[in-house]
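Q: Generate coordinates for the entire structure from the input sequences, incorporating the hints supplied.
Read in order, the letters of the sequence shown are residues 1 to 215 in the UniProt record's numbering.
Worth double-checking, as some hints may not be accurate.
Label pairs and their calculated CB-CB ranges [to be verified]:
1. T172 <-> S21: 24 to 34 angstroms
2. D148 <-> D32: 41 to 51 angstroms
3. D78 <-> I39: 38 to 48 angstroms
Keeping only pairs whose Cα atoms sit at most 20 angstroms apart, straight-line, the calculated SDA-like set for lysine to any residue is [claimed, not checked]:
4. K169 <-> D159
5. K201 <-> M179
6. K150 <-> D162
7. K153 <-> S214
8. K105 <-> G133
9. K169 <-> T155
Since the hints were made in silico from the structure, they are not lab data.
A virtual CB, placed ideally from N, CA and C, is assigned to each residue, including glycine.
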Amino acid sequence: ENPHQLQQLIRLPGQQYDEESGLYYNRHRYYDPLQGRYITQDPIGLKGGWNLYTYPLSPVNSMDPLGLYEFKSKNIDDIGIFALAMCNGESINENKEYGGLICKKQGEYFPMNPISSNDNDSVDLRNIKCPEGSERVGDYHTHGFYSDDKGNKVTKENDVYDSLNFSSKDLTNSYMNGMGKKEYSSYLGTPNNTYLKYNPKAKGNGVTIIRQGSN
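A: What follows is the structure in structure tokens.
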């Protein structure tokens, strides 16, 4: 029974059910669950694999958030940039924080899908775990847009959260999450679309710019 007519629209990672068509929307194309494949070819061609219509073969351990291809890399910064590119634009438009984990398996890094919370100025990653057989080696999150103390969008000059930088809480959480690990990196997407990296194990303040946005 469903007296409140609640709906669960989330399907495979990165997909949302489209009631009108009966297909799963993946931003760049639609997935047909009856056929177990996308209805159009992969717009990035063979870069996504030899089968132009497939979803990643292991949706538990992999992801295809844009309907393009399963993204893994031996360079963690590539994953940080990719993960932030998935959600920072939406975060800015909605003025809501998004975030997720970065995992590693057999020498390759991959991101988990971004999540958000009802609290627009934070996102809680404490209850998320990397897939079995992989380890957590990083995280990423966004800061939405410039805001006042009530969460309203404001100009850069009136921002009360210092949204262009990691907060002290961000840095502390990253340091704590990295304790006992050989490597750990945190990535931040900001309102001007600059991407920052914090390595709690690096010398100095550990913060570097990995993608420069607008001023």
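Q: The structure should be examined with respect to each hint, and the outcome stated for every one.
A: Verification of the hints:
About 46 angstroms separates the C-beta atoms of T172 and S21, a value inconsistent with the hinted range of 24 to 34 angstroms. Between D148 and D32 the beta carbon distance is about 45 angstroms. The supplied range of 41 to 51 angstroms therefore holds. Between D78 and I39 the Cβ separation comes to about 29 angstroms, which falls outside the hinted range of 38 to 48 angstroms. With a CA separation close to 17 angstroms, the supplied pair K169 and D159 stays within the 20 angstroms bound.
For the proposed pair K201 and M179, the alpha carbon gap of about 9 angstroms is at most 20 angstroms, so the pair holds. A distance of roughly 14 angstroms separates the Cα atoms of K150 and D162; the hinted pair therefore holds under the 20 angstroms criterion. For a cut-off of 20 angstroms, the pair hint linking K153 to S214 stands: about 18 angstroms separates their Cα positions. For the proposed pair K105 and G133, the alpha carbon gap of about 7 angstroms is at most 20 angstroms, so the pair holds.
Distance restraint check for K169 and T155: the Cα-Cα separation of roughly 23 angstroms exceeds the 20 angstroms cut-off, and the hinted pair is therefore not satisfied.
Hints 1, 3 and 9, counting from the list given before, are not met by this structure.
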